[in-house]
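Asker: Chains as they are written, first to last, in the numbering used here: chain L, 1 to 448; chain P, 1001 to 1124; chain V, 2001 to 2519.
The set of hints was computed from the structure by calculation and includes no laboratory data.
Heads up, the beta-carbon is just placed ideally off N, CA and C, and yes, glycines get one too.
One thing to keep in mind: the hints can contain errors.
[Said to hold, decoys possible] Restraint ranges, calculated between C-beta atoms of paired labels, are given here:
no.: 1; chain 1: V; residue 1: G2329; chain 2: L; residue 2: A16; range: 51 to 59 Å
no.: 2; chain 1: P; residue 1: A1079; chain 2: V; residue 2: T2050; range: 53 to 61 Å
no.: 3; chain 1: P; residue 1: E1052; chain 2: V; residue 2: Q2049; range: 53 to 61 Å
If you want the building blocks of each chain, they are given just below.
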Amino acid sequence: MRYLPLTPADRAQMLAKIGVPDIDALFAGVPKEAIVSRAKFDLPDTQSEMDVERAMARMASRNVTAGSVPFFCGAGAYRHHVPASVDHLIQRSEFLTSYTPYQPEIAQGTLQYLYEFQTQVALLTGMEVANASMYDGSTATAEAVLMAQRLTRRPKAILSGGLHPHYAQTIENLAALQGTVTRAPVTPGSAEDIAALIDDQTACVVVQSPDVFGLIRNLRPVAEAAHAKGALLIAVVTEVVSLGLLEPPGTQGADIVAAEGQSIGNGLNFGGPYVGLFATREKYLRQMPGRLSGETVDAEGRRGYVLTLSTREQHIRREKATSNICTNSGLCCLAFTIHLSLLGEEGFTRLARLNHARASALADRLAAIPGVDLVTPSFFNEFTVRLPQPAAAVVDQLANWGILAGVPASRLLPRDEAAENLLIVAVTETVTDDDCADLAAALKKVLA
Amino acid sequence: MSELRFTNQHEWVRIEGDEATVGITKYAAEQLGDVVFVELPEAGKKLARDAEAAVVESVKAASEVYAPLSGEIVAANAALSDDPAKVNADPEGEGWFFRIKLADKAETEGLMTADQYTEFVKGL
Amino acid sequence: MNNQGRPTAVAGMAETAPATISGDRGLDHEEGLIFELGRDGMTGVDLPQTQVSESRLGGQRRKGAIGLPGLSEPEVVRHYVRLSRMNYAIDSGLYPLGSCTMKHNPRLNEKMARLPGFADIHPLQPQKTVQGALALISELMRWLTTLTGMHSVAMSPKAGAHGELCGLLAIRAAMEARGEDRKRILVPESAHGTNPATAALAGFTVEEVPATSGGHVDADALEAKLGPDVAAIMLTNPNTCGLFEPRVLEMANAVRKAGAYFYCDGANFNAIAGRVRPGDLGVDAMHINLHKTFSTPHGGGGPGAGPVVFSKALAPFAPLPLLIHDDAGFRYIENREDLETGSPFGRMCAFHGQMGMFVRALAYMLSHGADGVRQASEDAVLSANYILASLKDVMSAPFPGPCMHEALFDDSFLDGTGVTTLDFAKAMIDEGYHPMTMYFPLVVHGAMLIEPTESESKESLDRFIHVLRVLAGEAKAGNRARFDGAPRFAPRRRLDETRAARKPILRWTQKTPVADAAE
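If we strip away everything but chain L, and leave its shape as in the complex, we get (with noise of 0.2 Å):
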């Protein structure tokens, strides 16, 4: 087996040092009825690369790849371009086959990009702090109802009904063992009035904006009127990119913010690995879950960085820690950072602008086909239009001619029939003017 390295010669010595027979010997705490024979596993033997690469590249050639068609999904996972040297860099094998940076003095290049990391998501979210990411937005989305039910000890979490579906579902899986989670009606292209629902139970109330639909919420109002009665405000974010063009969550009176950083340095990849952004106030720090990379001195008094505040974490802590976390999203980090990087302030505001844009113009010439309507009189990349018939079957007809037209809202809310027709179409710098022309006349020809 190429993967190990071990002759069989080097195996009977090794036996020999330790002193004992054979293999079977090192096994002998195994209770004897707990160990199986090699005929128990109907399972194939060892294949090589090749033979490898064609049975996964077959499974491979069975999916309809966004690249290849006109592409419009979204709803928290975008299609955007990553330039080459991300990946690249992020294979180098320091970066790829490293730990934990718990030796500092051998993980710099590891703290280093945290810390760089770290500070990107402070500045666009127009947080004071930030930690070193987590799996992915919506469970930063359920740490952050957490961390807000610690703080305040309250027990009741408020969810606008414009977070995404997946989310509220993770939020309630968790939040509800330690309080009560309370879902806002779901209000496609308007925002609920949520302010009404606080009161002096209340932890905290989660925003997303642009939500689910794609509409842009104006978070000011739903701050003050948190902050009255003492809870936090939890601003998400499934689409990075937007921060780009719109005001942060900080500057808007967010108190905790989690965001989605799938966008910015990663694929698709159906779903994960995606890596959730956590950013917070500092009065609020030693309640924040995850790690962080904080600067320091050496011996040498050279600046150099470390795992700092791990007293929060389940290692030290273990039942009292502020979460289980232990693996997060290193590398994809890495990759946010590194994308975040090649960018810049010119090249990301100008990517924001640019889907911005896109998006706009598909939103008209959609909304010009009889019988569509624009449910989102605001938007970033993404908005939702109103079908005269439901929404599913029209992208699975559109699927059959080759354009993959958007996520049907009842896909993330069966059984509502106010969401049945509606489509949520994303339009990232991916798509084209020629893709757009597709998708409208092939809608127009399904719904005519």
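We have chain L already, so just place chains P and V on it with the hints.
Answerer: Quick look at chains P and V alone, frame taken from chain L:
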């Protein structure tokens, strides 16, 4: 100034009238290493004996500090928030944690004297 | 003569070098933060200028600048290449971190994960357009359930600790379905910190079970603690001392009799994969760290993946989404409303889990085959025992062995030397090695946990053993020169962690502080 009394959780107690000042012992401070953060109780908080009163953290360890006696917190040492190193520098003086108004003075009977505590530490 | 030679002998070169003008040292470059490089207006990505109308931005257009630096592509590439060179990695040397399983990460896995058919598909595109991806997940599920002898598997957990949470939430749901409200979880004191943290997160109270002097969980103490309010035990097997729990079947029986569930922390599955099936041990739920046992890269701390295998009893409570295979092909059931059977406890995260890691893990499994997986486990165990046998006369092993995939030492061999476990570890850095896991597990003093994995040749192990033997000998001989102040040959000397924790600096800020934009 009255003499110090000690607990087997490595807290020292100085009883003055119906109030007691509490901190962690020199031994405890040495065991923890460089203290980097102290979380203190708010004044007015009522605590039963052995309830968690404070948290003291070094780089690689976090430890609860328990109320050695029942009562109500009357003051916490705010200086520790800015300069937690005081706990290492002067654990049984400037590094005090909090003052507590005693609910039951009889509880003080169970505390160790300095000699008893020294013996106790030797046995660890 | 029309050609000129040049000196090639090394004699007479200066013994000590003066400090360099640049501050760099040969291949070792000092590198500032990205924020200290670059200039306004520069970018490493060519994008057009686009005019944007305000009309559809809801009045929320950004007013201030973000503050990102501008760099060209070559500058960014050089910056991150230089950073990479400050890291130790499996590809550059033996990485014996116990409990972390730093085995070789095959590059075939990386290549497969980047096939557009896996990397460039959207989690919410129509399911009929991703049948190959679902087939791959289904095949990986078959491998995982077969190797573990378990009934089913939940694929969405994103890492080991997330898997633990998934397992405990299923247990919670099963208890609720039985109409019981059990509050306690028993966790051995040798457990990974994630176990008690997860139990607390899932709303349980944690009770510790002591270890025996032999490094095993005290089965008698465990049985004594079982009762009608115990929901589950969380047991790592092989345990964090590197030992298989000899009384595991007995403990599993006692747990079942008490009406509780057996959660197994599968972090150490790499010791027994292909030889022992957790399903045969009475396990009800176990997470599998694909980034440990199945070679997906650790990436400096993630991403990982933590699928959870379930017994038949817990299977109905597995979280959404559920993968179904019928005449129409593969299908994910994503919403409760579409369920025909089962009572999933909820959803662990958005979408379906770490697809990129699934592809890598399956590439590894197909490469090894069942026979190779078994051989890998055996080689890992053999290598760990070889290290234990070769070092136990000069270092101190608290438990005699044989061990499983990792060899545990304590610091009693350093008694009286003034050298600590930390000093010993830092001296290893100067010798070109990443240190072993230190001060874990907590059940022995000054723990050093060495996990060589199956990826090292005998020559590599022998060299490592030689270095550790000499270091141990020098420590005992009172020669502290290699330990005091180590490391000397790393990109940094020891770093001041106290300073970092007392006055945390967690982000770069401009030298001249600007007015806080937030207030």
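Asker: Please go over all the hints and tell whether each is borne out by the structure.
Answerer: Hint check results:
1. G2329(V) <-> A16(L): 51 to 59 Å: 54 Å, holds
2. A1079(P) <-> T2050(V): 53 to 61 Å: 56 Å, holds
3. E1052(P) <-> Q2049(V): 53 to 61 Å: 59 Å, holds
Checked against the numbered hints given earlier, this structure breaks none of them.
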